[in-house]
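Trainee: Take these sequences, add in the hints, and give me the full structure.
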Amino acid sequence: MSTQAQSRASSFFSAENISRYAVVLAFAALLVVFSVASPTFFTGANLYNVLLNNVVLLAIVALGMTVVITAGGIDLSVGVSVDMASMVFIMLLAAGYGVPLGILAGLCAAGAVGLLNAVLITRLKISPFLATLGVLFIGQSVQQIATGGGQPIYLVTGEFASIFNAIVRTQVLGLPMPLIILVLCLGAVYAALHHSVFGRYVRAFGAQPGVAWYSGIRVPFNMSMVYVACGLLCGVAGILLSSTVRSYVPLSGNAFLLDAIGATFIGTTISAERRPSVIGTLLGVALLAIVKNGLLLVGWNFYWQQVGVGVLVFLILALSFGLRGRNH
Amino acid sequence: MTTNGEMAMSGMESATVAGSARRKALGTMLVRLGAIGTFALILAYFALMAPGFLNFYNILNVVEQSAILGVLAFGMSVVVIGGGSDVQTGGIDLSLAANTGLCAAVFAVSTASGFSLPVTFAMTIGAGVLVGLLNAVAVVWLNILPLLATLAVMNVVAGAELILTQNTVVSMASDFTMNIATGSFLGVSVLAWCLIVFTLLMVAFLHFTGTGLRLYAVGGHPEAARAAGINVAAYVGGTYVFAGLCAGLGSILLVSRLSASTPGTGELLLSIIAAALLGTVFSRRFVPTAGGTILSTLFIGFLANGFQLLNVSSYWVTGVQGTLILLVVAATSFAKPSER
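Protein chains in written order, with the numbering used here: chain G, -14 to 313; chain W, 90 to 429.
The hints are simulated quantities; they were obtained by calculation from the structure and are not laboratory data. For glycine and all other residues, C-beta sits at the position ideal for the given N, C-alpha and C. Among the hints, erroneous ones may be present.
Said to hold, decoys possible - Stretches of chain G that chain W covers, calculated by requiring three or more beta carbons in the stretch to come under 8 angstroms of a beta carbon on chain W:
1) 101 to 112
2) 129 to 139
3) 262 to 272
4) 276 to 289
5) 292 to 303
Mentor: This is the structure:
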């Protein structure tokens, strides 16, 4: 009996478990460290602020990236999708079209970026890396041409303020709208990836692309849906972003790219097979967000924050990957 | 898991392809001609439409302007060769551009604080190699995915550059850097010579030495390479250290050319990736080669130059570049034997 308990205890602290839950442990440890180091960190107001300002947008983009990475691809053009939705939405609002049309057209623009990626990858058989890189270049150019070299568009007058407030500040059941939208996106992606036939196909593409093809799965169609879904999710983030800052700033979406890739891959460490998952990605996003916020509150300047984020992420990855040894 | 899939696939392929080996050879030939043909067509268009495009000095000018990108693209190519070209798990060094920025900062700051040339040189190259070593440790010993490991290192390195320069332009000039920037030998500028010599060295190293051949083996099939007695870890680690070395060398050219270390070197990353990956379409097996990398680097250089000569607004240039890159790659993949 006692030996059994002992072995259970030792297996609980095994290298396998530590490496698998390194991100969770680090997350908890960082919460404690920052709470001790800064009196304002572990307050409802600050955490709520982090959630609303740092987590929501990145989480939605990272969800799109998660779908693509699950399918064995990568999307370097998420920033373009974010920007396109933001640009079309703000331009239509400025031109006097209503909010519903603006949102719809914005989402369509982002979806179109995803569709372009999908055509390049599934029909022209270009590798995801090169296809989305090409779309990134094209998207940056389109924005510069449309805005005369990158002039931001600000909508600050009163009538627009009420529109943006209606989108960002409305509360449903005591929760602000962006949070509701994040939860809806989370639920949709979770259901699609983990509880649907489509999700099973997508995971098959990532794990065994050849076998998926020979099993008769319609790879081009389903793969196209993956990239369109990613584009649409980024579009949602783009509309929320421009509603929050009440403007469209060209080329601003690219800031999400590396964080979204990082969050998704950090999330893969909690799965035994190193596959991306919705929960893992969310954990990755939360980790990046509290590290940035915590270092800011502790008083590090921007330069040192960047080093700090890099070192912390590196250490967590080292703990997670290093302990698991060479098993690939 | 992926390896099993690949083995199963290649088994099937060889079974179906064995009968039509000649058709495959023809197809492969078409592929290479497709990419090179598209490349040639675009250059021919510039030659016809842009006055002075084919002028010897203009061509030399493009080679000179491509020197920095070329050196860095070779670093990236070697990492991709050694790590394999899988989209997610293959070799890639996202920290390369940031590393170049850090090395440039080290070079400019150390010169400004009065160290002698050999010392600053050693510090610059040393910084690049050290960052490369960090990547190597992360990828080989700690077993972190290259995409993720180099992403974290990129953050650290970019932050270190900001701390060193406080996000300002650190200007510097010495006889040595002036020589690189404006000197010439046999009518060809020193920067262009650097690229030419570096390219010849890379061709010799990658395609005419045993080490180069073994590097391709490591990237193509690590298990088989290990079974054949190759020290896979040393080779993969070596590629990251080499990329760091390239960052150091590239930064010296960069500082010489601009007479300063400037913030924003990290933005080179996308061009470096484009040059290294675009180069794969010029090879038979779609892996980076020395010839492919230099061709695609010059292609990117000629595109920017041609648009300048045609007076196309700079807003259009990145977009048209992206489109043409997709065109060249698509020309290849259409002729490519079907591959999932």
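Trainee: Can you name, in rising order, the numbers of the hints this structure does not satisfy?
Mentor: 3
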